[in-house]
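Chemist: Residue-level listing of the chains:
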Amino acid sequence: MSTPARILIVDDDRDLVAALTMALSGRGFTVLAAHDPAAGQAVAEAERPDLILLDVMMPSATEGFHFVWQMRRRDEAYFREVPILIISAIHQQTELRFYPESGDGTYRAGEFLPVQGFIDKPIDPEDLIARVTHALELARPG
Amino acid sequence: MIDLPGTGRPPTLPPAAAELVARVAWLIRLRWLAVVGVAVFFEVARRIFPVSLGLVPLYATLAALAAFNLLWVLVLHRLQQPQREGAARWVRALGRLVAPPVLEEAGADRETRDAALFANLQIAVDMVLLATLLHFAGGIENPFIVFFIFHVIIAAMLLSRLATYVHATLGLLLVAAVAFAEMHGLLRHWPLGGTWGPEGYRDLPLVVAQLFVLGATLYLSAYMGTTVAGRMRRREHESLVLSGELAHKAEILERICNRLEQSERARSRYMRKVAHELRGPLGTIQTALKVVLADTLPPSSRDMVGRAERRAGELAEVTQDLLALSRARDVAAEAALTVVPLAELAREVVEEQRPVANRAGVALELEIAEPGGRYRADPQGIEQLLRNLLANAIRYTPSGGRVTVRLAEGPAGVRVEVADTGIGIPEEALPRLFEEFYRAENAREFTPDGSGLGLAIVRAVAGQHGGYVTVASEVGRGTTFTVELPLEPVA
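Here the protein sequences come in this chain order: A and B.
Taking the numbering used here, the leading residue of the first sequence gets 79, the next gets one more, and so forth.
Taking the numbering used here, the leading residue of the second sequence gets 73, the next gets one more, and so forth.
Among the hints, erroneous ones may be present.
Facing chain B, from chain A, some residues (calculated, C-beta under 8 Å) [stated by the list, open to error]: (1) Asp-91; (2) Leu-94; (3) Ala-101; (4) Ile-201.
Simulated restraints, written as ranges between beta carbons of each label pair [said to hold, decoys possible]: (5) B:Arg-337 with A:Glu-204: 40 to 50 Å; (6) A:Glu-154 with B:Pro-470: 29 to 39 Å; (7) A:Glu-204 with B:Arg-426: 16 to 26 Å; (8) B:Ala-435 with A:His-144: 44 to 54 Å; (9) A:Asp-205 with B:Asp-521: 43 to 53 Å; (10) A:Asp-114 with B:Glu-423: 33 to 43 Å; (11) A:His-144 with B:Arg-448: 27 to 37 Å.
A few chain A residues that don't get close to chain B, going by computed Cβ distances all over 10 Å [said to hold, decoys possible]: (12) Ala-96; (13) Ala-117; (14) Ala-124; (15) Glu-125; (16) His-144; (17) Gln-194; (18) Pro-200.
Since the hints were made in silico from the structure, they are not lab data.
All C-beta atoms, glycine included, are put in the ideal place defined by N, C-alpha and C.
Hey, can you work out the whole structure from these sequences and the hints?
Modeler: Put into structure tokens, the structure is as follows:
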């Protein structure tokens, strides 16, 4: 990595943002933070981060999803391609349904939301770094 | 006293009145038989015996009996619908004509009193018609004069003691009236002949003797009938009261059950909300501690933060379990149903737990003997159920042991079996095993880990899917949990 990758964290939990910032900046990433989806959109627009960490539970789940769809619907390639990793405890006990109500039996989260992956809370910093690095590598052109 | 709104029922007769109305209906059916029986008897009698019966008036009287019976049928039909007051008012007015108010069943409800008046009215009319029939067929000479006994017995069965004696008296007076009217030429005498002879009906001592015999018979019948019927009616009343009380108690119980169910649900929802609220901050605490631990720290700080992180982890686990438990209890399975590839899900959970098993030196096997179908189920719940059973089995199996997960077709649908060669569960712990926060003593001695909620979740999820869990265990040999899930396969 020649220039440090810039990562936008969109999360209303400021303490979590602080912890993640510490973990990421310790590994040389530049961290940007936004505490609500609107601010997240604005920062993404202005700063074009290399990756977005999005908390889907802020403050209601739909808002986080809405953020994803809004980004992906834009014409500009950047918004359609910037890797988004979702931070949540959705793999555990939530009522969020990422899979169709009925259908072919596929229920794995992530296949229906256009994001690059999910990171379970609580977040293990090593795991976070690995996932972020991997997503950035996949997104790197060429 | 629990009182819930909206438990109103359409008006029905009180039990005592309903019982009486049913007997009146029986009386009406009996009367149809009597009409037919008497007509047949007339036809036979006038062919066999050379008597001059007043056939036209006899048939006219019989027709009147039939006509009245038709009327009774209509009135009965109305009486069975207590919301239609009109019929009852008619019955009451007519009934009072023949039965003075003292004959009304004292202390009874209005519907019962109406039904009693109705019965009084019928019996009185019947007796008048019987007296008329007898008049056209020999009057006092007619041996069928004793048939008044039936009216008295019916009165004893249906009505009060007083009413029965009144009807016995009415019968006696009617016959006496006919006899004296015929004796004095006020009414024509239709002779039957036979033992009475042509002038027998004018023989005062004979007539009085006949009336005496009739009176004695009727009063004795009234006495015997009311005594027996009284005893039966007391029993009946007791059983009516008892069944009424039982129905009332059943209703109360049902309401209490509903209340309990509601409060249980409310409790689950509350638990869920609390757990949900705890989870967010806990996740952040854990993450923050993990981030700090990833940094370079002086050994004493690392130790402290490490302890805090472990404890936060335990707390998160309990929170997670509480959420799972309340979810399984609160969410109807229907709401969460989707298509679950069961074998695939089991494979995933087994692979997820394999590192844990490897660390513990426990061999982990998955045997899939069901056709690998996909079922309508709650994936989160089923996954939780599998994970909890598997994690438990690994946790309580010493190094060198073996844990086997089996999926098979069961009697109800799918059978999930998790067998281990672990420490086993003491027999005295079995009854409490599925209780929340319960951990058997040997389990607590073996490892401090475990919230004591895992099996409660397993049971709740099984219940949510209409299934159940059983356990077989032997201390020192191992444990097998069997979950029978009546899952619906999806083509």
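Chemist: If a hint holds in the structure, say so; if it does not, say that too.
Modeler: Okay, the hints, checked on the actual structure:
Restraint check, Asp-91 (chain A) versus chain B: the minimum CB separation of about 5 Å is within 8 Å; hint holds. Taken as an interface hint, Leu-94 (chain A) checks out: its beta carbon lies about 4 Å from the nearest beta carbon of chain B, inside 8 Å. Taking 8 Å as the C-beta cut-off, the interface hint given for Ala-101 (chain A) holds, the closest approach to chain B being about 4 Å. Contact between Ile-201 (chain A) and chain B, as hinted, is supported at the beta carbon level, the nearest pair being about 4 Å apart and thus within 8 Å.
The beta-carbon spacing between Arg-337 (chain B) and Glu-204 (chain A), approximately 42 Å, falls within the hinted interval of 40 to 50 Å. As the Cβ distance of Glu-154 (chain A) to Pro-470 (chain B) is approximately 60 Å, the hint placing it in 29 to 39 Å is violated. Range check, Glu-204 (chain A) to Arg-426 (chain B): about 20 Å between beta-carbon atoms, so the 16 to 26 Å window is met. Remark: the range hint 44 to 54 Å for Ala-435 (chain B) to His-144 (chain A) is upheld by a beta-carbon distance near 47 Å.
Checking the proposed 43 to 53 Å range against Asp-205 (chain A) and Asp-521 (chain B) shows it is violated: the Cβ atoms sit about 22 Å from each other. Remark: the range hint 33 to 43 Å for Asp-114 (chain A) to Glu-423 (chain B) is upheld by a beta-carbon distance near 38 Å. For the pair His-144 (chain A) and Arg-448 (chain B), the supplied restraint of 27 to 37 Å holds, since their beta-carbon distance comes to about 30 Å. Ala-96 (chain A), annotated as away from the interface, has a beta carbon of chain B within 10 Å; the closest lies near 8 Å.
With a least beta-carbon separation of about 19 Å from chain B, Ala-117 (chain A) lies farther than 10 Å from that chain, consistent with its non-interface assignment. At roughly 27 Å from the closest C-beta of chain B, the C-beta of Ala-124 (chain A) stays outside 10 Å, upholding its exclusion from the interface. No Cβ of chain B comes within 10 Å of the Cβ of Glu-125 (chain A); the nearest lies about 23 Å off, and the non-interface call holds. Every CB of chain B is more than 10 Å from the CB of His-144 (chain A) (nearest about 20 Å), matching its label as outside the interface.
The Cβ of Gln-194 (chain A) lies farther than 10 Å from every Cβ of chain B, with a closest approach of about 20 Å, so its non-interface assignment holds. Distance check on Pro-200 (chain A): its Cβ comes as close as 3 Å (rounded) to a Cβ of chain B, failing to clear the 10 Å threshold; non-interface status is violated.
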